[in-house]
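A.B. asks: Chain by chain, the residues:
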Amino acid sequence: MTDILKVENVTLQFGGVKAITDISFNVKEGEICAVIGPNGAGKSSMLNVINGVYLPQIGTVTYNGVERRSINPRDAAIAGMARTFQNIALFQGMTVLENIMTGRNLFMKSTWLEQGLNIGRARKEEQQNRLAVEKVIKFLQIESIRKTPVSKLPYGLQKRVELGRALVAEPKILLLDEPMAGMNLEEKADMSCFILEINKEQGITTVMIEHDMGVVMDISDHVVVLDYGKKIGDGSPKEVMANQDVIDAYLGVSH
Amino acid sequence: MATIPGLVLSNKKSNPNAIALRYKQLGIWNAYTWTEYAAEVSKTIEAFKSNSIGKGSVVGIYGNNVPKLIFSISAIQALGAIVVPIHPESTKEELKKIILSSKADFLIAEDQQQVDTYLGVASECSVKNVIYLDGRGLASYDNSNLTSFDDLISKVSGSNTEIDINSLNDKDTAFYLYDEYEDNLYKVSHEALVNNCKKIIELNTLSAKDSVVSYLPLSIPTNLLFTYVTSMASGMSLNLPESNQTIEKDLQEIGPSILYAPSFVFKHIITSISYRIESATQENYDRYMKHYDSLMKIYDKEIKGETSIIDTLTKTWLMLTTFAPAKNVFGLTNIKHAFVSDGVLSKVNFDFFHAIGVEIQHSFGQAVSCGCISVQPDHSVSSENVGSPMKGTEIKINNNSEVLFKTDCLGDSVSGELNIEDGWVNSGYVGSIEDSGALIVEGRSDDILTLKSGTKFSPEKIENLISCSPFIKSTVVIGSGQDSLSAIIVIDPNSVNSWADRKNIRYTGYSELASKDEVRDLIRDHIKCVNEAFDSELQIKRFVILHRTLIMTEGEVTKTMGILRNKIATNLKDIYSAVENKSDSITLNDIDKLTYQLNVNKVM
Amino acid sequence: MIYRETGHFVTNYLKDREIFPLKFDKIIVILGLLFLYLYMPTTSEYMLSAHVIPILAVGLATVGLNILTGLTGQLSLGTAGFMCVGAFGTYNLMLRMPENLMSLPVALLLSGIFAGLVGVIFGLPAIRIKGFYLLVSTLAAQYFVWWFFNSYAWFLNYESSGVVAIAPHMYDYWGLGNLLGVDMQGYPARYLLALTICIGLTYFAKNLLRSNTGRNFMSVRDRDIAASVMGISVPRTKLLAFFVSCFYCGIAGGIYSFLYIGNVDLMIYEIDRSFTILFMLIIGGLGSISGSWLGAIFVYEFPILFTWVGDTIFQGAFNTAVVENVSNMVYGVFIIALLIREPGGFAALWATTKQKLRMWPYPH
Amino acid sequence: MDWVYLIEVLVGGLMSGVMYSLVAIGFVLIYKSSGIFNFAQGTMLLFASLTFVKMTENGIDFWTALFIAAGIMVIFGIATERYVIRPLANQDLLALFMATVGLATFQEGFSQFIWDSDVHGLQMSKFLDIGLLDPAPIFVSDHIPWLDILIPKFDIFASLVAGSLIVILAFFFQKTRTGLSLRAVSDDHMAAMAVGIPLQTVWAIVWAVTGIIALIAGLLWAERVSVSFTLIEAVMKALPVILIGGLTSIPGAIVGGLVIGVGEKLGEIYLADVFGGQGIELWFAYFMALIFLVFRPQGMFGEKLIERV
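Chains as they are written, first to last, in my numbering: chain A, 7 to 261; chain B, 3 to 606; chain C, 8 to 371; chain D, 505 to 813.
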């Protein structure tokens, strides 16, 4: 399989603080790649560099064969990247349905004038895209909350809605930032199933940051371990677990 | 033509453009007219034919009510095969039992959950092929026995052929129905089922203009009769909700005129009303209670026929301001007939529903009797009986108080002999017959408990009375061979939650809530109240509040929330032995392999 | 209590996004429209000129501000400035274009577009500047526009008094009045034009709100980074919001000058008016189109009502200063109390009431 | 170019800049401690000076009036925190801003309702025997022969007051316990609460201090432009000042005030002709701030915001 994503020698710093130092790794098309590491290891920053929220000082990201140092997040979305956020970034003033509908905005070709007059393409698009959204709602089993404002939902369901919003964009690659944080066992199991199904049945490459090692070992094909902004492990879940640096990082051996 | 596929054709002929089936999917209600319904069935027939389902096959319909499964029923029967409806939440044991005793050679499974359950027992069964509707999660399954329903359909050539029912006979077996209490399978013929249904239609003047919502699986024999067959035989629309989580909303959206449900559902509605009102402001709560009292007073007068004009006006006012909106929220506004099976409603609840104009009609029936042998008429005022025998049915009580019946719509046991005494079928229930001729069912004869003193009684009667509290979800009375009775109480999470919130009681989860002293006192007061209706010997002396609910998938309750005593006695044997030993606390090793500490509380 | 939703089900997605899905609502709306179109024009001239038409004008401006501030989250204090552009634009189009080319509705539309473009210019900084910092841009717009029309007398047709009356022929509508035998300068005709424009634009705004554009607006308001990650162009969305919002404000300004007071007066478009419209928005409820109308009615009518109370009950005890000061105090108290108790303003109060009616007798 | 004239303009600009800064400091204090953009700052000025003026007009002597007005402002500040800010603590900043808009409206109506809507002059020289309050300007050329410009004495007085105010505030922040808590609060609300700093008390103090600053600024402004509704308008000018300064920085407020003061004067003199009209002072400050912010969106001393996602 080809590499859909290559991160090469990326260094990111805020002011004087280095969040990421010289990190390189590849993600193969169709795999689930887990990025793990202790808090503050630079995992979220890594995702932010990949889809262009942050601009790295050094290094390149090659996505779909195009090498670049920075990308506009919007262009990343157009190129088929979708993501979720560590601290849920749903649009709190909207319902579940509206939130997931925003994920379809790139499919909407009608102008605002047509939409305002509610004529022609606007009506048709609204219907067609609603259908796509409804399929995702069914997939994620959130039919009973489709008209609920997201601000009224418990944390676990919000995470699910956020996944739906990313998924409905029909991405090539999904970047999931701690999709299971703060969930109970049952919710985690559901979420793992969804991620696996998205990956296996829709063939969407998934890069996922996750703390729960059990989940990571279960569902990922490839694990990248970061610690203090540096890469300390890269390989299959088994290889990574056998890596002494990784064990040290997780058991908290002093640096 | 009294066959199910025949009814499809006759509906197509008489009401070609009327809505036959309406189902919610992807957020909107889609509909099939009888013409489209027939076309779908004939397509399904072709698809099944290509998968070699034919005369003599036995096909399991395994899942929730989704259109494809509904079409499959008629299609299978039109091919001369027999349908076995299987509950989607069936345990492995139950599934195995059904497959083995029905000798099912095909299974139509809804999705991964059903396929997984089946694969767990596949090696012991001889099912030739499993057709699944939803392939989600099944891509990686390597089993040549699995076929996609959609694949089969897509291979069918486009031309629409008429459903061929010439080879069908009215006396052919239509369904194998599973009776959970008996753990037995019964076969019923097209004729028996359809004729039984026509009796209900005639009695209640149902027509094609009515609509019915079916939100329980068709594996429940009474549900099959009152929703699916009723829709077929009368031409009314059958409405299917989107998912189990959206039933309440979907029911409101459709606003059906006919409702069927086992008694636990109506009890659930009462509980919902109660806990919603509990969380209202004090002012609204008081007003509602006041309105409720006046409504019930007027209803009492109505029964006696003593209403004055003022009462009528007051009732109109009460309905307008409180109870019509209350019905609206639960989607009960248009209900003309609400059929209840599997138990009766307590007098309070029964009267309440009648007072607000929801015509509750108790019924009694089992798989062997095609789902119904007796049903209450419209405007019945007795909450205790389950109605008089239907046309062509006779009922009598034998010396052991057991209910015996004769009916012209009788099924037969698949695996064993029917329990027949002198030409009467023994229902396996105990009961009595009122002077009016209406049947009263007290409970299952297997469940009869015998106290140390030798007193025999049906625990269900006590359980029903205790469970009529909105705070109690279910009750199990125990005391076989002992000198006094005890009860295992399962509290209702919703209503007890909002009650606790109202009382400012803090708790983190169900089991902590169940262990609260305040909850114990609440339950104790209720039991005391119920005890007054019984002789000292039949009073509950001690009770245990369970730390969890009874679990259907563990076989502790039936699909209609009936108590399955044997399984409970096994799963909760620690409670039983503690009660026998008269100890005050129980160390319970539960089925989740965890240990819980429970208290045995005394009713003073 | 009066809502009966049993039996209401949708069979396609178009029905599911209807503005008034329930039959009951539809009947109310039709009755309301009949009232507004058939009964209202027959009421007194005073009713139309002192109450209804000005409310239509300021209400439309509030809807405009709502699109920018309530939906897109871009704070603006330049509303009066954009109204000013609309009023002067309309006047100059009517004055300088050949009579057979220009008619009031067309001039209103064109000056609305012009105001929208001015809005876009002052919205450009929003691409880089966020939050409160953006206030400076809309304040610049307010003061600059005002100064501009004050400094260049050409726009006022060199009227030294600073107020220019609108010539009667400007209400001609290509001779439509003569054709129908209706006095088009009379208040009923003015009212009907204003009403039609307002209903049309309210419908347009409502459509935007429930379509992709509206969702884009709200996503920029709620979480702009997430919006850009979803592929929404944040700069484009902000500028579009500025355009649409200022388009509404511009037309509202035209209506205010032409259909309400009948002259073009710079003093009307000072910063106080921007604040008044902001009050209407806050009290009505950010993000709700119907709320904007409720807020406009309340804020506009309160001083009138208060004066009336003073005149009838206290024999004219309240002079203008008292009325103005008390009104300001009441607005302030309402704003603070609503923010504390019901941040969604009147619209949310109404929505809660409606929800209560739907769920009655249950609390939820 | 007449450079002496230029210097005169510059000095004039600096002086009016000081006046802007005085208002801006109040803004910054509240924004820094609670993130609230206090739109009511202007009406607080109006309320404070109107209260003071009405008292002196009714024969109360200067110091007593000052003391009572300060007391009223403190009570008012504490009440604002208690009844407006605290109930809104969990809402977003936009809602809090709107609440201060409401507060401003209320205050505008309230102060004119209980006092009156007239224009009041304030001549502090009537009460205070300070040489700097003498209306005659200082001739710099008397002391520096080659610098032939005039400086109004009052401007020097205002600068001195502003300067002392800043020194006092600096001392308050650096040395006192309350000041330290306030700094902790402005750095991180959660952390401050975790170490036991009573957030609400600190906010109440900030609002009280802001009330006193409003009184001082109000009196100085009143001396220049009289006490009336126009005070609120004048204060709108403080907005570009704090935005240039960066909202969270007191030095920013000062430098911003000076930049706007000088820039405005220069603009009026050298750019008015270009725009073919007088009175560009009306909007020039906003344009300056706008252009500045386009290049530096967080203001001069504001912290660059890194958005965490």
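No lab work stands behind these hints: they were computed from the structure.
Treat the hints with care, as some may be off.
[Stated by the list, open to error] Cut-off 27 Å, straight-line C-alpha distance, at most; resulting in silico cross-link-like pairs (DSSO-like, lysine-lysine): (1) B/K543 <-> A/K158; (2) C/K213 <-> B/K338; (3) B/K251 <-> C/K137; (4) A/K144 <-> C/K22; (5) B/K211 <-> C/K33; (6) A/K130 <-> C/K213; (7) B/K157 <-> B/K173.
Since this is a predicted model, take the numbers as computed values, not measurements.
A.B. asks: Take the hints in turn and mark each one as holding or not.
C.D. replies: So, going through the hints one by one against the coordinates:
1. B/K543 <-> A/K158: 45 Å, violated
2. C/K213 <-> B/K338: 40 Å, violated
3. B/K251 <-> C/K137: 42 Å, violated
4. A/K144 <-> C/K22: 20 Å, holds
5. B/K211 <-> C/K33: The hint holds at about 26 Å.
6. A/K130 <-> C/K213: 17 Å, holds
7. B/K157 <-> B/K173: 33 Å, violated
Hint compliance for this structure: hints 1, 2, 3 and 7 are broken, all remaining hints hold.
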